[in-house]
Structure formats: C-alpha cells, structure tokens
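Taken in order, these protein sequences are the chains called A and B. Heads up: the first sequence is residues 59 to 314, going by this note's numbering. Heads up: the second sequence is residues 13 to 369, going by this note's numbering.
Just so you know, the hints here were simulated from the structure itself, not pulled from any lab data. Just so it is clear, CB atoms sit at the ideal spot from N, CA and C, and this is done for glycine as well. Just to be clear, a hint being listed does not mean it is correct.
Okay, derived cross-link-like pairs now, DSSO-like style, lysine-lysine, Cα gap no bigger than 30 Å in a straight line [as the list claims (entries may be wrong)]:
| hint | chain 1 | residue 1 | chain 2 | residue 2 |
| --- | --- | --- | --- | --- |
| 1 | A | Lys130 | B | Lys314 |
| 2 | A | Lys171 | B | Lys314 |
| 3 | A | Lys244 | A | Lys171 |
Simulated DEER-style distance windows between Cβ atoms [as the list claims (entries may be wrong)]:
| hint | chain 1 | residue 1 | chain 2 | residue 2 | range |
| --- | --- | --- | --- | --- | --- |
| 4 | B | Ile190 | A | Glu290 | 51 to 61 Å |
| 5 | B | Glu260 | A | Arg116 | 16 to 26 Å |
| 6 | B | Leu182 | A | Ala148 | 19 to 29 Å |
| 7 | A | Ser198 | B | Thr364 | 13 to 23 Å |
| 8 | B | Leu182 | A | Glu64 | 40 to 50 Å |
| 9 | A | Met306 | B | Phe45 | 48 to 58 Å |
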Amino acid sequence: MRISAEEIAAGYRGKAVISGISLAVESGEVLCLLGANGSGKTTLFKTILGLMRPLSGRICVDGEDIARWARKRMAKTIGYVPQAHTPPFAYCVRDVVLMARSVHSGAFASPGKRDMVIAEEALDRLSILRLAHQRYTELSGGERQLVLIARALAQQAQVLVLDEPTSNLDFGNQVLVLRHIKELAKSGLGLLMTTHFPDFAFLCASRVALMKQGRILALDSPEKTLTQESLEEAYGTPLRIVEAGLGMRVVVPRLN
Amino acid sequence: MTTAVEAVVETREDLSQEDEAPTPPAPRTWPVFAAMWAALILLTFFSLLYGRYNLPWQSWWRIFAAPDSAGLESIVLLQVRLPRVLAAILIGGALSVSGAAFQGLFRNPMASPDILGAYAGAGFGASIGILFGYGIVGIQTLGLVGGLAAMLLVWTLASAATRLGGDPTLTLILVGIIVREAGMALIRLTEYVADPHGKLAAITFWLVGGLSAVTPHDLEFAAVPILIGVVPLLLLRWKLNVLSFGEEEAKALGVNPWRIRIVIIVCSAMISAAVVSIAGMIMWVGLVIPHFARMVVGANHKALLPASFLIGSCYLLLVDDCARGLFALEVPLGILTSLVGVPFFLYLVFRTRMERA
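Extracted from the complex, chain B is given alone in its bound form (with noise of 0.2 Å):
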C-alpha cells in the first residue's frame, strides 16, 4: 500500500526522527544586560572623574553635600562634568533607541534619524530659532515641526517611488539623503544670512555638534521631551518585531500599521529635535549602535530596544571622553561620531552586498 508520494513522506519521517535533537535551552539575555548596566556604571564614574581640573571621587561627597561651600570644586563637577556627562547618557541612548526603532519600522538596516532628514529638518528648525533669538523652549518647537516636516516629506516621496518600482531599501535612503540635502542647504542659509559678530558664531558652533556647551538649564529642558519621546518606543519595542514584517502581514497579525508609525516618528522627531536643541548635529550614532547591540542580543526589538539604550549611553560617553582628551584642544564631539560612523556604513554596505552574492 505504498505509493511514490507516501514513499517519501515516509522517508521525511525517519529523517526528522532520527535529527530529534532535545531541544536547547533559550540563551539567556541577564548576564549580558548586567555586563552592559556595569559599563555604563563604570563609564559614568571614569568620565566624572577624568578632566584637566583635579576632582578626585573622595572630594565628591563633600561637593554633593556643601555645594555652595565648595567653590570652584562643585563649579566644575555640578555645573560642567555632571550636565555634560547625564547629556552624554541620555543622548547617546535616545539616539540609539530611535535609530533602532526606524530600523524596524522601514524594515531597513540602514535606516535612522539622521540618514533619513529628521535630523536635518530638526537642525533648520533650530536655527530658525537661534536666528530669531528664541529660547530654548522655541529653539525645541521649532526643532519638531522640521523634524516631522523632514520624516512626512521622506515617506510621501519614497512610497510614491517605491509605487514605481525597484529596491524600496535603496529609494528610502536616496530621499532621505536628497531630503537631509535641502535641510543642510537650509540650514547653510541661516547661516549665511546672521549676523557675521553674533548669531553666525552661534550657529556654526552648535552645527558641529557638541556637548561642551551644555548646561544643566539646558538638560533640564532637553531630559523631558528625550524622555517622553524614548519611553513609548521602549513599549511598542514588541510590536516593533511585528511591524518589521510587512505592512500586510502585520495587519493579519492584528497589529494597526498606522498607529504604531504614527508614535515611532512622532517620538523620534521629538527626541531629534531635544537634541539638536541642545547639542547640534551629532550624526551617525542612531545608525551605527543598533547593529552593534544587534551583533550583541540578537534582533528581537524586545532585548535590541534596552540594549541599544545602554550601548549608546556608554559609546558616546567613550566619545566624549575622547573629544575631551585626546588633544590639547577639544574636538567637536559630532566630528568624531562622524569619522567612526562613515567607516562603519560603508563596512555595512559591503556586508549586505557579500551576503547577497
């Protein structure tokens, strides 16, 4: 009673029994995350202490208990090192969580903020505010309406051509590059057009990106949107899995596309315009951190999200360090997330071209 068809059914079977292995055990995720919270504690506590003004950890308790009586000591710890340090955290993390997230939502490796014009919509808004003298409050409203400005031109543009046809992954980053392009031909134009003695030094000092200037005025008012915009993508970080799969699929999966779109950009235009607010155009990171965290806890949006935070947290904290030291006179901090940026995108390009061949 066997036929060719049940012949190899037949076959199947004993193959699949004899290759029944005990399944292994799920690889677990705590001691990695517990490695990563060390760093970052460690990282926190080197970059506090390392600086050309003396402060040794033991002068800290006394600083943090007498402020006022401690004069030049709690200048340099509370008002520079600690604002400039709690920056680096929370921006090297928000940028991180918010490239991850557009990873995930284009579906695309090569997706963040700043490739795709966030950033440089966020930058014209800003200096549209620094031109117009506004606050920092102004400075971050104006920030937003061009980031999201940028992010709604970006996706009407590459889903009218990926209508058209070819590589959608290749026509989101081409707009995104054109649309960043007329940002930072916007931007050049505030430039051009401020006050030479005045606005101009200002604007171009924060255009390179930094964290030398920050103060804890600043981060007061750039820690709350950062965060507001950083928690809602921690909690979709599951959905995120799902919506990676395809607007069609996710639909089946009982997931609503639109919904959860809508709350990654408006999020990460937020956290885009917090940042450029207060320490200009720091590019690279969103792109570069979440494929290291990837290589690190695997692509579940659900480990990525947490770790892509703390890896960030700890690479810019390492970056500033570097910008602080590594010559006499500070380098600007965006110039050096850029030079490790570039080689790691192109290393990216020539990955995905191998595993295609």
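With the rest of the complex left out, here is chain A (with noise of 0.2 Å):
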C-alpha cells in the first residue's frame, strides 16, 4: 500500500500553511517528519488524515483520490495515533484500545468477542498485555503512548500515523516506543511519524522529509536529507553531525 500526499496545499481559512508538498509512505518503511514549530508538520499531517481538506492538490491511496472517502473506509485504511493524553474518564486499558474496532461495527453496535481478541493481540504484540485491565488514565506517558498504537493496531490499518509519538516520554521510553515503530516497519506496516529529534530519524527511519515555513526541504534517506547544511537551515542554529561508531549518526548542537 502507499499512501501519497501530491501537490498539497493547504491551512486555516483559505490561507496556506503548508503549499507544494509531495510525499509518499509506503508498507514497511518508517517516513518521519522534521522540522521546527510551526514549519507546518501537524497541518501536513491533519490534511493526510482527512481531518482538512486541502486547498489544492490530493490525497491518495495506491492511486485513488480519497477526497470522498467515507470516515469509516478511511479509518480502516490510515490509523492514528495523537501524543500520549489524558481523556476525561478513567477508561481500562483494553476499552481504550477496543474503541479501534468501531471501525468494523454499525452505529448501534458494541465490540464483541472477536473484537476483544484482536484488541488483546495489538496489545500482545506490543507486550502490554499485562496492562490490560488497569486504568489509561494512571499508567506513564510511556505506556499510554503504547496503548494508543495497540490501538491503531486494532484498527487494522495498513498505515499508521504517528504525531510525536516520542514527546514528553523520558530517555528509556523514548528507546521503547522508536524500537516498536521499527518492528511494526519490518512487520509490514506503513508508518508516517513526527519527531522534534534528528537523532530519533537516524534511528529508525528509512526515509526523512525535512520541512521548513510549510515546504519540504530534503526528501531522502536519513543520511542524504539530514546534514549540517540542511539541518542547520531548518532550525537556525549551529550544530555539527558525529559519528558515533557502528553505522550511527548524532546531531550535536553548538551552543557556542
């Protein structure tokens, strides 16, 4: 499957944001997404989700546009993940990732049995099983963020999109989550992911889109796309890229 963004503008009352943006995720490769505040990364990604109709140009997946696309069809295609949050209830965790499986029901329909097991799987697969019954709303950042891609996985989309799934989570938890985004990779999924890290796209990414004021800069691999140059002019600061050994890269900013 591949999902494609082709010459895509768009933003907030007709004035846009982002503009000339062409991008494509494909099954088993991480895309991740840099750039700084404001460079336009959450309207892009709001624009590939549906969540906005873009100004010009259009969505596809394998070739069809899915500016018509029901809700429902494009849930069973594109998965979301939001960065790890706190709702209003205090809902148990396999509730939380059950809410995937609307997708699959009428509109009077509540999960079933089958619905269940594939929610325990995605939770498996993530080794969070054992989560299961406790409250989402009394587990750590790291462990919500992995519950809300049980939850994508239980949607059983081909393609995940992930809005820092990294952020507000401490140094080992960020380790835990960008190691699952690599498996669920190999596994065959699709997954398109934001990140304020440099390093984390070095880490796992097979291809890097570095944005700036709404544009794509460098569309390539980690290390084609990522250099000093390149970086340098997306944040505006100095910085130097190491060699940490072993094939490994670590972008190092210059405070001085």
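Since each chain comes alone in its own frame, lean on the hints to assemble the complex.
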C-alpha cells in the first residue's frame, strides 16, 4: 500500500500554511517528518488524515483520490496515533484499545468477543497485555503511548500516522517506542511520524522529509537528507553531525 | 556489538519480562447489575406499600383483579401510587442516562442537561404552554422547542468562547449557567404575567418539581417521549466512549461526531421536555447519578448508561419516599434533589482541584 500526498496546499481560512508538498509512505517503511515548530508538520498530518481538506492537490491511496471516501473507509486504511493524552474519564486499557473496533461495526453496535481477541492481540504485540485491566489514566506516559499504538493496530489500518510519539517521554521510554515503531515497519506496516529529534530519524527512519515554512527542504534517506547544511537551515542553529561508530550518527548542537 | 542505545533497550526488555505477571481476568459486571435490579425491584415494592393509606401487599391481587369493586383502595394503588412510582422510575432513570450521555458528549464530568440550561429552556417553553392553557402534548412540544433552543445557544456560545482560548470545561459550564439563568428569568416573567388566581399557582407549584400531581394520563403521555429519548442514547452508548476522546480522534476512529451529537442533544431535549411537563424542575439528578454509577461500574459508557438508569430510578424512588414521609407535610421532590445535589457538586469541584494539585 502506498499513501501519497500530491502537490498538497493546505491551511486555515483559505490561507495556505503548507504548499507544494509531495511525499509518499509505503508499506514497510518509516517516513520521518522533521521541522521546526510552525513549519507545517501538523497541518500536513491533519490533511493526510482527512481531518482538513486540502486547498489544492490530492491525497491518494494506491493512486485513488480519497477526498470522497467515507470516514470508516479512511479509518480502515489510515490509523492515527495521537500524543499520549489524558481523557476526562478513567477507561480501562482494554476499552481504550477496543474503541478502535468501532471502525468495523455498525452505529449501534458494541464490540464482541472477536473484537476483544483482536484488542488483546494488539496489546500483546506491544508486550503490554499485562496492562489490559488497568486504568489508562493511571499509566505512565510511555505506557499510554504504547496503548494508543495498540489501538491503531486494533483498527487494522495499514498505515499509521504518529504525532510526535516520543514527546513527553523519558529517555528509556523514547527508545522503547522507537524500537516498537521499527518492528511494526518490519512487519509490513507503513508509518509516518513526526519528531523533534533528528537523532531519532537516524535511528529508525527509512526516509526523512525535512520541512521549513510549509515546504519540503529535502526528502531522502536519513544520511542524505540530514546534513549539517540542511539541518542548520531548517532549525536556524549551528550544529554538527558526529559519527558515533557502527554506522550511527548523532546531531550535536553548538551553543557558542 | 552493544551501543549505549541498544543497552538501554536490553535493560527495558529485561524489566518488562521480569514483571510480566499473568493477565488478570476482566472484572465481571453482571453481579453488580443483578444487585442493582434487585434494589430497584425491592424499592418499587416498598414505595407501593409505603404511604399514609395502609395497603398491605395481600390486597394488591384483589385490586388488580377487580379494580372497580375495590373502591378507595383501588384509587390509591392504581391512580395515585402506581403512576407515581412508575414516574419516579422513568424520570430518575431518564434524567441520569441523559446526564451520563451529556458528560460523555461534552467530555466534561460537570455537564448535565439541567446544569447546561436545557432544563430551564424546556421549563420556559412548558410554562408558556401552561400560561396559554394548552394540554400536555402542547406543553411538551413547547418544552422540546425551548430545550433545543437553549442547547443550540449553549453550544454556539461555548464553542465561540472556547475558540478564543481558556479552559473549555469551565467555559461550557459558565455559558450553561448564563443560558440557564436567562431561561429562569423568562420563566419568572411568565409567572409575573400569569393570572394570580389561577395560572400563577399552577406554574409555581409545577416549577418546584414533584411527582405528587402525576396522573395516569400524564404518565401515558410522558412515557412515550421519555422512552423514545432513552432508547437511542442506550444504543449509542459505545460510540460515546469514542466521542469522549475528542473530535479529531473520533473522526480518525471512523466515527462521525456530528451525527451522534445531534442524536444525543435531540434525545436529551426530548427527555427534558417530557420530564418538565409532568414533574417540573427536578434538578441535579442528571449530574449526580452518573458519578455514583461511574464509581460502581467504571467509566465505560457501555455499562455506565444502563447503570445510571438503574441507580437513577432507585435514587428518585428513595427521594420521593422521603418527600412523602419525612415530615407531616409533603416536601417538594425538586427541593430534596437540590439539597442532595448542591453539596455533591461542591464535592466534585474540590475533588477535581485536588486531583490537579
């Protein structure tokens, strides 16, 4: 499966925040979206998820324009993983994951036995089945993020869109989430994620899109996209890219 | 071949395997529901037995079998107590279900149709109906129009104000209070212009809220809209879970939020109008009961809505029994529910503050 944005312009009240955006996510790859605050990452996200209509251009799934797709068909194709949040009610973890099963049932239906099995499988895939009957609101940020990923898996969408899945997590949990993201891509899902850390793109991305002021500066493999020049231009700060050995690279900012 | 990052991953893995306890079984809800049904049945029997006129249950069969020959006993049981008890069950349940639905819909544990002005709107419509001397159908229709208008106003104003920034929970409650006060002022206006020797007493008496004047005829005409309002809410209860995660997530989970919102608001306005038309302003039930129910069965709306209905029915039966028997003179039910509801609302305010601190 291939989800592509073709010459997308989108924004609020007719004013374009992003324009001329073309990119595609394919099954089995992690496409990382990098860029400073206000560079249009969220707008691009919402457009791809169908939460915002593009001002021009189109979003396609395997070449088919999805502008007229029903919500349910969209949800069966693209899953959304928001940042770990706190809902107003203390649902148990399994119920949070089960909510994704609404996609596969009628308006008045509640999830059945088969949906329970699918929800528990999704939790098990992320090794958090032991949390199934705990309260979602009482989990740590990292656990909540994993539960939201499990929810998108239970939705059985083929492409997941993750909004800064590592934000607000401690270092260990960030790595844990990244590891799961990489594994999910290996199992054949397509993943599109935003992050504030170029290091994470080096760690888990197949390809990276670097955004600045509503446009794409560069889109290629992490090594080709994330150069000293492109990152300095995108973030407006001097930095250096350091080889950490074993083919790993890290970005080190220069403070003076 | 172990880098720092991989080392962290390894440790994490070890940790997660160490505390990998077997998944505990899901807590069962049916014993809780069985207990609630039992409580409701017992309370119903008690409420039918309880009252100034002694009606032992042995005599019920005789009355039901031949209502015409039983005389006064038949009037007390079939014309007074039974409608009153059925009204308490229906009204308590319906108000609680619509309160629970509102809290899910607005993602706000302090929302309910009475807090957000739907009730005052329905009350204004109904009081105009009384003023013009309409029958129960006319009063209910005007009540429905008033309730819907109030909800529309609250929704529009609250979303406009939230777009300007600030705490959406608080904004919604404030706008609701403003609309409610406007509705109450309009109700007082109808009282002011009402004929003091006839209609004024009718409006004032009805406004306090109570079940003492419910007749079998009232019940017939209110039960239909109440049930038409409650059934869709119960059917949509799973979708309320999805909706409580917010607009964007609901959409991404394949749910059309607007369709569900409209159904919930129309159903709740219908319930408000029907309840107001036969029982006046019974406040606070819709806010308080869903919280009790959440403590008993948890947050999942799939169990919460039926539990709210059962607990709400029990609660109103109990409060109505108190209204009938606490003092020599009957205390209006609406006053008792407010006396219970106000401290509970305060408790909620403090508990939310403490959770944030």
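Can you tell me whether the CB distance of Leu182(B) to Glu64(A) sits inside 40 to 50 Å? The hinted range 40 to 50 Å holds for Leu182(B) and Glu64(A), with Cβ atoms some 43 Å apart.
Could you check the hint for me, namely that Leu182(B) and Ala148(A) are 19 to 29 Å apart, CB to CB? With a Cβ separation near 21 Å, Leu182(B) and Ala148(A) satisfy 19 to 29 Å, so the hint holds.
So does Ile190(B) sit 51 to 61 Å from Glu290(A), Cβ to Cβ? holds, 52 Å
Lys130(A) paired with Lys314(B) [C-alpha distance capped at 30 Å]: holds, 21 Å
Between Met306(A) and Phe45(B), does the beta-carbon spacing fit 48 to 58 Å? holds, 56 Å
Taking only the CA atoms, is the gap from Lys171(A) to Lys314(B) under or equal to 30 Å? holds, 15 Å
Is it true that Ser198(A) and Thr364(B) lie within 13 to 23 Å of each other by Cβ? holds, 22 Å
Starting from the range 16 to 26 Å, see whether the pair Glu260(B) and Arg116(A) falls in it by beta-carbon distance. 21 Å Cβ-Cβ, so the 16 to 26 Å window holds.
Pair hint outcome, Lys244(A) versus Lys171(A) [Cα-Cα no greater than 30 Å]: holds, 29 Å
In summary, the structure agrees with every hint in the numbered list given earlier.
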